[in-house]
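Protein sequences appear in the order of chains D, B, F and E.
Here our numbering is used: the first residue of the first sequence is 5, the next is one more, and so on.
Here our numbering is used: the first residue of the second sequence is 5, the next is one more, and so on.
Here our numbering is used: the first residue of the third sequence is 5, the next is one more, and so on.
Here our numbering is used: the first residue of the fourth sequence is 5, the next is one more, and so on.
No lab work stands behind these hints, which were simulated from the structure alone.
The reader is advised that the hints may include incorrect statements.
If several chains are the same, the list does not tell them apart, and a pair holds so long as it fits within one copy or across any two.
To be verified - Dumping the calculated SDA-like pairs for lysine to any residue here, alpha-carbon to alpha-carbon at most 20 Å:
1) Lys287 - Gly273
2) Lys62 - Asp155
3) Lys287 - Met216
4) Lys115 - Lys144
5) Lys160 - Arg35
6) Lys287 - Asp148
7) Lys129 - Gly91
8) Lys160 - Asp148
9) Lys115 - Met216
10) Lys159 - Leu146
11) Lys287 - Ser127
12) Lys60 - Phe233
13) Lys287 - Leu272
14) Lys287 - Asn252
15) Lys240 - Ser127
16) Lys115 - Arg29
17) Lys240 - Asn252
18) Lys128 - Glu52
19) Lys159 - Leu24
Please read these numbers as outputs of a predicted model, since none were measured by experiment.
So the chains spell out like this:
4 protein chains.
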Amino acid sequence: MDVGFLGLGIMGKAMALNLLRSGFRVTVWNRTLSKCQGLVEHGASMGETPAAVVSKSKYTIAMLADPNAALSVVFEKGGVLEQICEGKGYIDMSTVDADTSLKINEAITNKGGKFLEAPVSGSKKPAEDGQLIILAAGEKELYDAAIPAFDVLGKKSFFLGSVGNGANMKLVVNMVMGSMMNAFSEGLSLAGSSGLSQQTFLDDLGAIANPMFKLKGPAMIQSSYPPAFPLKHQQKDMRLALALGDENAVSMPVAAAANEAFKKARSLGLGDLDFSAVHEIVKVTGSSGEAK
Amino acid sequence: MDVGFLGLGIMGKAMALNLLRSGFRVTVWNRTLSKCQGLVEHGASMGETPAAVVSKSKYTIAMLADPNAALSVVFEKGGVLEQICEGKGYIDMSTVDADTSLKINEAITNKGGKFLEAPVSGSKKPAEDGQLIILAAGEKELYDAAIPAFDVLGKKSFFLGSVGNGANMKLVVNMVMGSMMNAFSEGLSLAGSSGLSQQTFLDDLGAIANPMFKLKGPAMIQSSYPPAFPLKHQQKDMRLALALGDENAVSMPVAAAANEAFKKARSLGLGDLDFSAVHEIVKVTGSSGEAK
Amino acid sequence: MDVGFLGLGIMGKAMALNLLRSGFRVTVWNRTLSKCQGLVEHGASMGETPAAVVSKSKYTIAMLADPNAALSVVFEKGGVLEQICEGKGYIDMSTVDADTSLKINEAITNKGGKFLEAPVSGSKKPAEDGQLIILAAGEKELYDAAIPAFDVLGKKSFFLGSVGNGANMKLVVNMVMGSMMNAFSEGLSLAGSSGLSQQTFLDDLGAIANPMFKLKGPAMIQSSYPPAFPLKHQQKDMRLALALGDENAVSMPVAAAANEAFKKARSLGLGDLDFSAVHEIVKVTGSSGEAK
Amino acid sequence: MDVGFLGLGIMGKAMALNLLRSGFRVTVWNRTLSKCQGLVEHGASMGETPAAVVSKSKYTIAMLADPNAALSVVFEKGGVLEQICEGKGYIDMSTVDADTSLKINEAITNKGGKFLEAPVSGSKKPAEDGQLIILAAGEKELYDAAIPAFDVLGKKSFFLGSVGNGANMKLVVNMVMGSMMNAFSEGLSLAGSSGLSQQTFLDDLGAIANPMFKLKGPAMIQSSYPPAFPLKHQQKDMRLALALGDENAVSMPVAAAANEAFKKARSLGLGDLDFSAVHEIVKVTGSSGEAK
Numbered sequence: 005m006d007v008g009f010l011g012l013g014i015m016g017k018a019m020a021l022n023l024l025r026s027g028f029r030v031t032v033w034n035r036t037l038s039k040c041q042g043l044v045e046h047g048a049s050m051g052e053t054p055a056a057v058v059s060k061s062k063y064t065i066a067m068l069a070d071p072n073a074a075l076s077v078v079f080e081k082g083g084v085l086e087q088i089c090e091g092k093g094y095i096d097m098s099t100v101d102a103d104t105s106l107k108i109n110e111a112i113t114n115k116g117g118k119f120l121e122a123p124v125s126g127s128k129k130p131a132e133d134g135q136l137i138i139l140a141a142g143e144k145e146l147y148d149a150a151i152p153a154f155d156v157l158g159k160k161s162f163f164l165g166s167v168g169n170g171a172n173m174k175l176v177v178n179m180v181m182g183s184m185m186n187a188f189s190e191g192l193s194l195a196g197s198s199g200l201s202q203q204t205f206l207d208d209l210g211a212i213a214n215p216m217f218k219l220k221g222p223a224m225i226q227s228s229y230p231p232a233f234p235l236k237h238q239q240k241d242m243r244l245a246l247a248l249g250d251e252n253a254v255s256m257p258v259a260a261a262a263n264e265a266f267k268k269a270r271s272l273g274l275g276d277l278d279f280s281a282v283h284e285i286v287k288v289t290g291s292s293g294e295a296k
Numbered sequence: 005m006d007v008g009f010l011g012l013g014i015m016g017k018a019m020a021l022n023l024l025r026s027g028f029r030v031t032v033w034n035r036t037l038s039k040c041q042g043l044v045e046h047g048a049s050m051g052e053t054p055a056a057v058v059s060k061s062k063y064t065i066a067m068l069a070d071p072n073a074a075l076s077v078v079f080e081k082g083g084v085l086e087q088i089c090e091g092k093g094y095i096d097m098s099t100v101d102a103d104t105s106l107k108i109n110e111a112i113t114n115k116g117g118k119f120l121e122a123p124v125s126g127s128k129k130p131a132e133d134g135q136l137i138i139l140a141a142g143e144k145e146l147y148d149a150a151i152p153a154f155d156v157l158g159k160k161s162f163f164l165g166s167v168g169n170g171a172n173m174k175l176v177v178n179m180v181m182g183s184m185m186n187a188f189s190e191g192l193s194l195a196g197s198s199g200l201s202q203q204t205f206l207d208d209l210g211a212i213a214n215p216m217f218k219l220k221g222p223a224m225i226q227s228s229y230p231p232a233f234p235l236k237h238q239q240k241d242m243r244l245a246l247a248l249g250d251e252n253a254v255s256m257p258v259a260a261a262a263n264e265a266f267k268k269a270r271s272l273g274l275g276d277l278d279f280s281a282v283h284e285i286v287k288v289t290g291s292s293g294e295a296k
Numbered sequence: 005m006d007v008g009f010l011g012l013g014i015m016g017k018a019m020a021l022n023l024l025r026s027g028f029r030v031t032v033w034n035r036t037l038s039k040c041q042g043l044v045e046h047g048a049s050m051g052e053t054p055a056a057v058v059s060k061s062k063y064t065i066a067m068l069a070d071p072n073a074a075l076s077v078v079f080e081k082g083g084v085l086e087q088i089c090e091g092k093g094y095i096d097m098s099t100v101d102a103d104t105s106l107k108i109n110e111a112i113t114n115k116g117g118k119f120l121e122a123p124v125s126g127s128k129k130p131a132e133d134g135q136l137i138i139l140a141a142g143e144k145e146l147y148d149a150a151i152p153a154f155d156v157l158g159k160k161s162f163f164l165g166s167v168g169n170g171a172n173m174k175l176v177v178n179m180v181m182g183s184m185m186n187a188f189s190e191g192l193s194l195a196g197s198s199g200l201s202q203q204t205f206l207d208d209l210g211a212i213a214n215p216m217f218k219l220k221g222p223a224m225i226q227s228s229y230p231p232a233f234p235l236k237h238q239q240k241d242m243r244l245a246l247a248l249g250d251e252n253a254v255s256m257p258v259a260a261a262a263n264e265a266f267k268k269a270r271s272l273g274l275g276d277l278d279f280s281a282v283h284e285i286v287k288v289t290g291s292s293g294e295a296k
Numbered sequence: 005m006d007v008g009f010l011g012l013g014i015m016g017k018a019m020a021l022n023l024l025r026s027g028f029r030v031t032v033w034n035r036t037l038s039k040c041q042g043l044v045e046h047g048a049s050m051g052e053t054p055a056a057v058v059s060k061s062k063y064t065i066a067m068l069a070d071p072n073a074a075l076s077v078v079f080e081k082g083g084v085l086e087q088i089c090e091g092k093g094y095i096d097m098s099t100v101d102a103d104t105s106l107k108i109n110e111a112i113t114n115k116g117g118k119f120l121e122a123p124v125s126g127s128k129k130p131a132e133d134g135q136l137i138i139l140a141a142g143e144k145e146l147y148d149a150a151i152p153a154f155d156v157l158g159k160k161s162f163f164l165g166s167v168g169n170g171a172n173m174k175l176v177v178n179m180v181m182g183s184m185m186n187a188f189s190e191g192l193s194l195a196g197s198s199g200l201s202q203q204t205f206l207d208d209l210g211a212i213a214n215p216m217f218k219l220k221g222p223a224m225i226q227s228s229y230p231p232a233f234p235l236k237h238q239q240k241d242m243r244l245a246l247a248l249g250d251e252n253a254v255s256m257p258v259a260a261a262a263n264e265a266f267k268k269a270r271s272l273g274l275g276d277l278d279f280s281a282v283h284e285i286v287k288v289t290g291s292s293g294e295a296k
């Protein structure tokens, strides 16, 4: 199977490598072309432009940094649009908003191509291990055709219907994640301020224990927030999720309170740290707060 | 080893049975004495009063419904206080507030006895399977002596220091649980109102997946809230946790927002349903909420 | 002084009449031209199109229903743009968002005209009485030229600097107003549920008494919400104010909580009532909410 | 008319003086007796103890610092209880919680005396000017008898029914006041961060303008919070009001959010400043909060 792959950042490189290892013939492209070298050593071909990759591939997967990069790769000179056509598919696995997806979808389908948005849950490690969760939406036929690739890249994939649903589902999950992070930080702070062991609190979560608390908790106790998912991106996702709720008149007071906490953290310059750095504004730092 | 066991409700019965099966010699008591029969058939002795149980046991475990029951069993005629003395221990595994624990602790230690509060995480099933999590606090020597019993009753036990810490740790965990339930309900509601599949949302939680969401989610989608942990008790715990935070000047806006949502649910008469019934006030029921 | 006046709704008609009475020569236009008749009887001239009005006037004031109307009157065939030119001014007193103002400003100034946004605080009665508060922003020279008219229309006018500031100031004030309405509704509800007289609560506000509470309070006690400022517009303003806060990383948890309450009211179909109808979701309606 | 007056702090001294000037014969007492001198110069008698004052007076008014002082003056040796009896009345105008009022009420009425709680709205200036608002509750007959004194001390008095209602009404009003202060601080902060004039914002409040904003606003802009009503007391009142709401299942998310903000301020050591110092945690101080 001939597939294209655009974008060889941390995630994309690991994903393309997994495809190669599973026997796919992969043509790769990256804005800094030299980054293709590692993949070529593992058997990949290289395309000079996104268009060149598309011309050689049944379908092309993109894994790009942000909405701007996702748009450029499609619309710019030498971009995907120049070669996409009937019989070819384009699968954007970048995390972008629904509007960006819809714009790309319109351009691709106007040329007769098929489009799928397919954002993922999971970061570096799951990408390397082929353990991502894939939230696809768009052209069902293309989804079915891509299943062999998705089976390599992820442990699960979902088809969510029309374009935009993938982006929105990711927003909803990230919103819950952000509220949970705040709830967790409040619990850690209350435990600490009440003379309880924060470590025991971590060990004692029972039915609410989850991988995120397990991973981030010990670092948070140490006031350490190495950026995995930057706080400013988390806050942006909460803002967008709340806006989605506003459109549909869904009242979400807990998410709103969490959003304001992230915003406070952002105002204090913590936006580039991990989103667990919201703990910095939750935990008690003063020494004069006794109840009177 | 001779141990006493007071209180044979759903939890207590399962726990006493596990002790018997593991070779403990157990003397049981229950306010409705006829409930002892099932345990007697498995080899337990029966005491006519709490005092009678204490007189025959090295240490006595209690698993009672609420603070009032916990106080009665100690202070009433025929209660624990009449026989507790140097060399004997009393372990209250009921869920009570720190004040109740402190009151019992004072009375027991004044008589020369040793006291341990040891509330648990987990309900019926973990009790039957000996998979509870035990949060003990008080007399360390008694904790050490009780470890063989705790190993039978639970999968983990913690010693948290002075009396009151067990009760407070349970409050902190329940507070986080309550905030998470609200965050989850908001996510479910937003998914549903945005035209996304709620079931896919459940399948797609990745690093924030946890046993509580997995257990309650499918029922919540069906608007079903069979009471496992009643909403009015959850709200009471959030209130107490916020009060604990107030004492220590810990600002917890997410827990406060969640508490108000539970309170709203209570005001609508949902207090006796499971705490997941907060979903009833989060989910969108109207049909006229489009943004204008 | 020759001034134009576009838009003769409830507000606009009262304002134009005040100008006539104070000796201004006014040329009026309204989409439904027949509405001009009342003003003509008081001495106004009539223009067939916005452009016709502009051609005859030193500066033209507009008072239109919403951003769409404000844009149409400028950009459509026969619109303001066709006749605006150096030496002429255009003053939009409609309530619109900053983006709409900026768009109109750009078009007007490209033609050499001068532009002022000048939204007002106050509704029908203050308009009739010439007691509006005017928040002007844009071309200072035009502001100075318009002061004689502003003195007729309002009791106070402010010059706030560059275009957009008028719209934003109105958002900030409305945001505080929305939070206050929620705070007030909570107080009313708590008084009622605690067995206190709601009327005495109204009489007893001391240093926080204000015209809004005085006007809306008695009706709210009667569950009456005749629409003066529709709830859906209030909620929209809170959303926009929170978005403005997000841009500037201002954390506003009280406004966020109030916004979610308005959103809940919207989801229950109360969007067309007065914004005081948020009281419907705050007040306690159930009978089974006693604390346990 | 012979009245007693206990407590000559800032408020009490001004109030007793007003009574004297209006022709009441007043017997005064203060824990530091030397403070009576100023009143004696204006014609007051002095009592050596609260009991001595009560023995000489038809009814006795108290204006004390806090619940502890209110209890001491009644229950200690030489206290009110020693001389209160049928035919005498005791009016406590201190700000205390409902429980304290109920305790004093029970003791007074057991001795055959009549009791009225009568907390006030207003601080030093209104006390001096006889412009307080008086929230009386308890024995209606005593209220009627005290009206001549209340007419001197305040501009308005209300009779609110049974003991406790006065304290609770004050809590409700203070809760709304606390939420409004937060709403106002958020508005000030948003104005400032959005490049708008904070002074113009103050001038532009229209229907939501009120004496509190007018008094505190200019100081808040200067980050000045001279303590009139200490933040820690405001936060305590919000906590108590939320507890009252909890008893009655009134969900109050805006008050809850405001309470958490005050708590945050308290945790940063601002508890002894004026409650407007919550502005310190609302206003944006960082310089790196731009949206990304």
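For each hint given before, does the structure comply? Return the numbers of the non-compliant ones in rising order.
Violated: hints 5, 6, 7, 9, 11, 12, 16 and 18.
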